[in-house]
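Visitor: Spelled out, the chains give:
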Amino acid sequence: MHGPEFHLSDEELLLAADGGRTRKSKKASAHLGACAQCRKRAAEFESAIAELALAQRDALDFQLPPIAVPRATLRARIAEVTAHEAKTASRWWIPSGSFAGAFSFVCLVMVLTVAGILVLRHGGAAGLSTPPVESNLAVLPNHDFTPGAVRPASLGEICAFAQEEVIKEVSPLQRRKVLEEYGIPATQADEYEVDFLITPGLGGDDDIRNLWPEPYHAATWNAHVKDALEQRLHEMVCSHRLDLAVAQKAIAGNWIAAYQEYVQPSGTKTGTEEAPFGPAAVLSVASVEDEQNPSPRQFPHPSLFQFTL
Amino acid sequence: MNLFEQYRTPLLRYAVSFGVPVPDAEEIVQEVFLSLFRHLSLGRSRQNLPGWIFRVAHNLTLKRRYANKRRVELFDRDEGVAELRIDASPDPEEACSNRQRQERLLAVVRSLPEMEQGCLRLRAEGFRYREIAKILGISLGSVSAFLTRSLAKLTRADRG
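Here the protein sequences line up with chains A and B, keeping their order.
So the first sequence is numbered by our numbering: it starts at 1 and just counts up by one.
So the second sequence is numbered by our numbering: it starts at 1 and just counts up by one.
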């Protein structure tokens, strides 16, 4: 901020528009009130933003699909997640003295074993396009190149953010190095995503030893499945149901085996069981935001958060 | 109005503006709200949920865009959309002039570096500078510098 004979810099103009409470912001606002030239520049900035907002809406909004189907989809997915959670929780809660529980567990293991043998023998006939063993080999990293690497991070740091919030970019240089290391020719580079073996959300480092080329088009064990595992491990670690080091070791050792151990196979989900809390109950956050107030997006008291899809 | 209704369209617009096709953007929005569901179920902070939602959407969008490598499609799509759009203005000359001005603005925005685009688009969605800094994971000074630069280009284009 300068003396009265000067004008606000562009940066000061923007901060004044933000309406901050700092001394600098207040002085900038005061200057703005007294200086017609600065007000004109501020108006130009605001007008450019408003114009952009309008242009974006005009160009994109009309092609966006109606909300009904996505809302129904989300509702179904939330119901599925809650049913999954309930089922997984009950899976670990077989009373030790319950004969019926133990008998059911033994039966389940036997059925799965027999089914597994049949699937391995007759996978093609059963409609599996890729035998699981082969696909596993194709989508697991080479541990000589990618043993996994972690950064020093406490549980508090890991759990301060949701898994999805911690995403690091792989630099083009790192990407090239990883592809070279794995002997993937440049012509096939687009068929792979260079991904973190131990995800940053679980303390994975951006060291080359933690990066590997993950094929985009793997039929079964693809990046989406690994994302689900990462999400699951993060939840278990942060709810103190799994040690962080164990989770890191599991995903670095064999992420497919980790998926099979920690995430329920999708084929066994019914989605019909009653969830401990339904989407309508939890995912309903009624916002009473003041549409007339364009600047701060203040949310109401947490007790007002009711989510209706 | 609930969160999904309130933020679905801005989130779709944000993701699509980074070159992600509409179906993928729709999937990103689903992921964002599933994450929000988990976030709230685990009893985590409810402060500034719009900022949280956009931060997750921003990360997922960049990840998806990197995987898709379809950035060029967006440029074609924006231009195509501008041609298809029906302007309700009664004056054809004015409508044409408005459309050209909007096309010019969008072209300027598309030519900006990624961070500057992010700052501008989030500001256009009504976020404050401090919120934009948190969403993009950069300092307030950087947001201000990016916006100053990009707004100067925009206002020049608007005048021109």
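Don't read these hints as lab results, they were simulated from the structure.
Don't take each hint at face value.
Unchecked claim - As a list, the in silico DSS-like pairs of lysine-lysine whose alpha-carbon atoms are at most 25 angstroms apart:
no., chain 1, residue 1, chain 2, residue 2
1, B, Lys134, A, Lys26
2, A, Lys177, B, Lys153
3, A, Lys40, B, Lys153
Claimed, not checked - Here are a few chain A residues that sit away from chain B, every Cβ distance over 10 angstroms (derived from the structure):
no., residue
4, Pro65
5, Glu180
6, Ile208
7, Tyr216
Just so you know, even glycine gets a beta-carbon here, dropped at the ideal spot from N, CA and C.
Visitor: Could you run down the list of hints and mark each one as holding or not?
Guide: Now for the hints, and whether the structure bears them out:
1. Taking the CA atoms of Lys134/B and Lys26/A, the gap is about 22 angstroms. The hint holds against a cut of 25 angstroms.
2. Restraint check for Lys177/A and Lys153/B: not satisfied, since their Cα atoms lie roughly 37 angstroms apart, outside the 25 angstroms limit.
3. Pair hint Lys40/A plus Lys153/B holds up; C-alpha atoms about 17 angstroms apart against a cutoff of 25 angstroms.
4. A beta-carbon of chain B is positioned within 10 angstroms of the beta-carbon of Pro65/A; the least distance is around 7 angstroms.
5. The Cβ of Glu180/A sits about 19 angstroms from the closest Cβ of chain B, beyond the 10 angstroms cut-off, so the non-interface label holds.
6. No Cβ of chain B comes within 10 angstroms of the Cβ of Ile208/A; the nearest lies about 18 angstroms off, and the non-interface call holds.
7. Distance check on Tyr216/A: its Cβ comes as close as 7 angstroms (rounded) to a Cβ of chain B, failing to clear the 10 angstroms threshold; non-interface status is violated.
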